[in-house]
Amino acid sequence: MAKAVKIKKKTEEGLHDFLKSLLDKEIIKGVFILKKMDKTGAVSYSLITDPEEFKKAVPLYPYMPVNAGKALANFTLLGKAEQPIAAILRPCEIRAFVELVKRTQGDFENFLIISLTCGGVLTLKTISEPDQDKLISQYWESVKKAEVFEHTREACQFCEHFLPLNADITVAAVGKKDLDEECLLFLNTPKGEKFAQEASGSSVSEEIETEKVQQLKKKREELKEKYVQQTETGETGMKSLVNVFAPCLGCHGCSHVCPICYCTLCEFDSKTLQYNADGLSSDLKRKGGLKVPSGNLLFHLGRMTHMAVSCISCGMCSDVCPVNIPVATVFSKAGKSLQKVFDYFPGKDAEEPVPGGTYKEEEFAEIGEQ
Amino acid sequence: MNSKYKPNIIAFLCNWCSYTGADLAGTARMKIPSSIKTIRVMCSGRIDALFVLKAFLKGADGVMMMGCHPGDCHYQKGNYNTRRRYVLLDNLFKTLGLEKKRIGLWWVSASEANRYAKVTNEYTEEIKKLGPNPTSEEIFL
Amino acid sequence: MSHQKKEETIIPEKGTVLSAEKGTKRVILDILKKALAENLFDAVLIPAQVPETEAYSWILLQDESLFEWADPLPPVMTVQGGRALSSFSKNGELEQNIAALLRPCEIRAAIELFKLKQVNLKNITLISLDCPGAMPLSNYMSDPQKTKKDFQHILEKWENSESLRPVCQVCQHFSFIDGTAADLHIGLLGDKNKNITLIPSSPKGKKLLDQLEFGTKDSVEKWKTEKQQLANEKIKRIDAFNREWKKKINQANGFFNEFNPCINCHNCMNVCPMCYCQQCYFDSQAINFKPEAYMQKAEQKGALRFPLNTMLFHIGRMSHMVLSCVSCGACEDACPVSIPVSQLFSMVSDQTQKEFKYTPGMNREDALPLQDFTEQEFCEVEVPDECHEKAPEEAK
Chain A
253 MAKAVKIKKK TEEGLHDFLK SLLDKEIIKG VFILKKMDKT GAVSYSLITD
303 PEEFKKAVPL YPYMPVNAGK ALANFTLLGK AEQPIAAILR PCEIRAFVEL
353 VKRTQGDFEN FLIISLTCGG VLTLKTISEP DQDKLISQYW ESVKKAEVFE
403 HTREACQFCE HFLPLNADIT VAAVGKKDLD EECLLFLNTP KGEKFAQEAS
453 GSSVSEEIET EKVQQLKKKR EELKEKYVQQ TETGETGMKS LVNVFAPCLG
503 CHGCSHVCPI CYCTLCEFDS KTLQYNADGL SSDLKRKGGL KVPSGNLLFH
553 LGRMTHMAVS CISCGMCSDV CPVNIPVATV FSKAGKSLQK VFDYFPGKDA
603 EEPVPGGTYK EEEFAEIGEQ
Chain B
284 MNSKYKPNII AFLCNWCSYT GADLAGTARM KIPSSIKTIR VMCSGRIDAL
334 FVLKAFLKGA DGVMMMGCHP GDCHYQKGNY NTRRRYVLLD NLFKTLGLEK
384 KRIGLWWVSA SEANRYAKVT NEYTEEIKKL GPNPTSEEIF L
Chain C
119 MSHQKKEETI IPEKGTVLSA EKGTKRVILD ILKKALAENL FDAVLIPAQV
169 PETEAYSWIL LQDESLFEWA DPLPPVMTVQ GGRALSSFSK NGELEQNIAA
219 LLRPCEIRAA IELFKLKQVN LKNITLISLD CPGAMPLSNY MSDPQKTKKD
269 FQHILEKWEN SESLRPVCQV CQHFSFIDGT AADLHIGLLG DKNKNITLIP
319 SSPKGKKLLD QLEFGTKDSV EKWKTEKQQL ANEKIKRIDA FNREWKKKIN
369 QANGFFNEFN PCINCHNCMN VCPMCYCQQC YFDSQAINFK PEAYMQKAEQ
419 KGALRFPLNT MLFHIGRMSH MVLSCVSCGA CEDACPVSIP VSQLFSMVSD
469 QTQKEFKYTP GMNREDALPL QDFTEQEFCE VEVPDECHEK APEEAK
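Protein chains in written order, with this note's numbering: chain A, 253 to 622; chain B, 284 to 424; chain C, 119 to 514.
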């Protein structure tokens with residue numbers, strides 16, 4: 253059982269009011285939150301400081317226009333936040349932020365992190381669909397029932413880490429039938445408790461990992477198996493990898509939106525891998541034909557060696573791919589396997605070093621001696 | 284595969300142990316297969332995962348990473364990083380269904396000329412059994 | 119290079135008319151095969167379907183057996199051809215003689231990249247062809263079979279279709295490029311599907327036709343007439359297109375609102391043939407600030423959007439490449455949130471290019487507008503009233 257606050261309001265409204273009161277009383281100076289851009293479905297993350305402007309905030313809107321962990325790192329790259337700021341992040345976005353903080357690309361200080369038990373986000377493509385509102389209400393119905401909603405990202409459909417880590421406050425959403433009647437905020441840290449004193453609700457003690465949550469976890473694990481098998485690369489290896497990535501335009505959008513790919517100049521955008529006349533001649537002579545621009549698989553596999561071990565499976569990469577390559581599924585699969593080998597949970601603990609940057613003398617002792 | 288098939292193997296050798304070991308093997312007139320093409324790096328820790336991937340995707344039939352035995356690194360700890368990098372590559376190959384045997388890691392010290400000759404010969408035989416790397420003919424990479 | 123516009127290249131009267139009974143694509147491929155067999159080229163750059171998949175990509179083809187997968191006119195434009203050409207020819211002169219079969223907008227992009235020293239044309243023969251337009255990439259990816267069928271239909275009729283990409287529907291440079299851009303043009307219009315017309319557009323192209331023993335004896339009149347008809351229709355459409363967009367963006371914040379869904383993935387820039395910089399200014403650290411600075415900005419407006427500088431990126435990119443924009447539509451195809459990027463850029467480039475009397479990619483001699491100036495020009499932006507009275511000598 254965990255400490256919680258129960259507010260007798262619709263969940264999104266309760267959270268909204270709670271944050272607004274923090275802002276009104278200047279307990280926090282700003283809120284990092286999703287905001288509606290206009291009448292269409294477009295949303296973007298915004299740092300809101302004006303309580304009036306805060307009315308446009310939609311804290312639990314089921315879209316991820318950018319991975320907010322990346323946006324927060326953008327904000328704190330050159331220093332920590334000087335004043336307290338509340339940030340509403342999805343569990344994978346917190347994990348992304350932790351991974352970035354680890355790489356000295358951001359700073360955790362002065363953030364009140366609020367998250368939710370996450371039902372996933374809808375794909376970006378659905379933003380321009382005419383019946384988007386209907387889709388969103390269907391989404392919330394499925395969250396209440398702790399179901400997997402078909403229009404959410406593939407990466408969300410098989411995400412088993414939808415209970416947030418490192419959040420000060422967790423909003424109960426998955427499997428909560430009375431989402432429209434009450435707002436339940438779990439207080440995970442003393443910091444969360446302190447801020448929650450401003451919430452006009454009653455203190456209760458509740459279970460965060462309800463039966464429904466466990467059910468969803470199981471469902472998603474099963475789906476994961478299914479999807480991974482669909483993106484089948486086991487039997488035929490190289491050929492099927494070539495085919496999966498065949499439509500790639502080389503736009504590198506996947507790397508651009510990836511929170512872990514933080515490099516300012518990516519190796520694969522640099523000159524090192526470009527053809528010169530000699531290289532072209534020898535490859536052409538040998539093969540009788542070349543795909544150009546070349547280096548398509550080298551980019552994807554190379555990027556994988558760089559970031560897959562820290563892949564937090566947010567699914568941004570698949571969502572921005574203009575040619576529908578299931579990037580997230582392949583990377584998530586590779587990532588899970590690497591994380592097991594190195595006994596690493598990305599985004600769990602900012603103090604834990606990245607596997608590529610550390611070693612133990614006694615590990616893998618049998619390797620290299622054969 | 285016919286017996287005349289000569290594989291194309293890229294070997295990355297660290298300057299202080301493996302390269303010296305290979306040198307000793309040469310001086311001692313040990314038989315080293317001509318399929319091995321050596322590239323010297325200062326430390327096996329310099330072997331970027333991309334070097335290996337690039338060699339593999341450009342059609343090398345095998346890629347060998349070689350360095351000092353753990354604890355013997357000239358730079359104290361470079362080879363521990365190499366080992367992790369190899370584990371990473373090995374695991375990626377396994378997960379993606381690529382031919383794992385096309386990459387490998389061996390520790391060869393400066394005095395182990397015998398071992399250098401042994402592992403290069405063994406690996407060449409192994410690759411011969413495996414046949415040419417399909418990436419060498421794949422156009423749509 | 120001089121700013122004066124070169125004399126209009128006149129479309130040659132003579133070329134070769136070949137029967138296309140075997141199918142247009144077949145005939146084009148046979149010509150290339152022949153050229154390759156006779157060692158007129160060492161390799162051909164051509165779109166191809168990746169075996170076992172529905173995906174298209176560019177291949178540099180040397181081995182004749184690969185023609186099996188080649189498709190001179192695929193339903194979609196995947197990577198912009200100018201970009202594909204640049205990817206292997208930017209680092210110096212090639213050892214091979216290469217023929218590149220590109221759509222007209224891809225040829226024009228290649229020429230712009232040539233001026234920017236990102237393409238080396240020394241051993242490259244550019245071959246353009248009449249282009250019916252391309253289908254939106256997202257449609258193709260979600261239903262390849264249907265899109266292929268629709269495209270085939272368009273290719274047979276050469277009529278406008280709403281299912282083409284919007285910029286293709288209003289494209290003004292879908293055929294022979296009146297300039298020194300390409301070496302040879304393949305006309306598919308004129309006796310549609312029965313004949314194809316080969317029109318040399320440079321001495322190199324003429325020589326190629328002679329070497330292939332096609333010569334230049336046939337009249338190209340039929341092709342020319344049909345091309346003109348199609349061009350006239352397209353001119354009408356582009357006027358309507360520009361009017362409509364202007365009306366839309368003249369509303370308050372109209373232009374900005376179109377970019378509201380932008381998620382800053384920079385896909386549009388990464389696929390743009392003209393955005394060739396290795397490191398884009400908008401990806402650099404030059405626009406990073408400390409958190410306090412961001413807080414201040416947020417407090418000024420009540421809220422600050424993240425990621426930052428989304429509009430700066432689009433307008434900044436526009437200022438960098440709009441004079442060379444060939445309206446190929448690659449940006450729109452790559453946008454994951456369906457922003458009409460290429461329509462907006464195309465509309466703006468149409469106006470700015472007119473201002474500079476510059477049409478990108480038409481010939482190899484015209485200087486890029488921002489690399490060139492005359493002392494007399496644009497005085498109306500400084501002293502509007504005195505502008506036309508002052509002769510250049512008096513101005514001294």
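Just so you know, the hints here were simulated from the structure itself, not pulled from any lab data. Incorrect hints may have been included.
Listed next, the in silico BS3-like pairs over lysine-lysine satisfying Cα-Cα at most 30 Å (straight line) [unchecked claim]: (1) A/491 - B/384; (2) C/151 - C/275; (3) C/419 - A/332; (4) B/412 - A/612; (5) B/383 - A/539; (6) C/240 - C/325.
These numbers were taken from a predicted model, which means no experiment stands behind them.
Verification of the hints:
1. A/491 - B/384: holds, 17 Å
2. C/151 - C/275: Given that 30 Å is the threshold and the Cα spacing comes to 27 Å, the pair holds.
3. C/419 - A/332: holds, 22 Å
4. B/412 - A/612: This hinted pair is violated, its Cα atoms lying about 35 Å apart.
5. B/383 - A/539: It holds: about 23 Å lies between the C-alpha atoms, which stays within 30 Å.
6. C/240 - C/325: With a Cα-Cα distance of about 16 Å, the restraint between residue 240 of chain C and residue 325 of chain C holds, given a limit of 30 Å.
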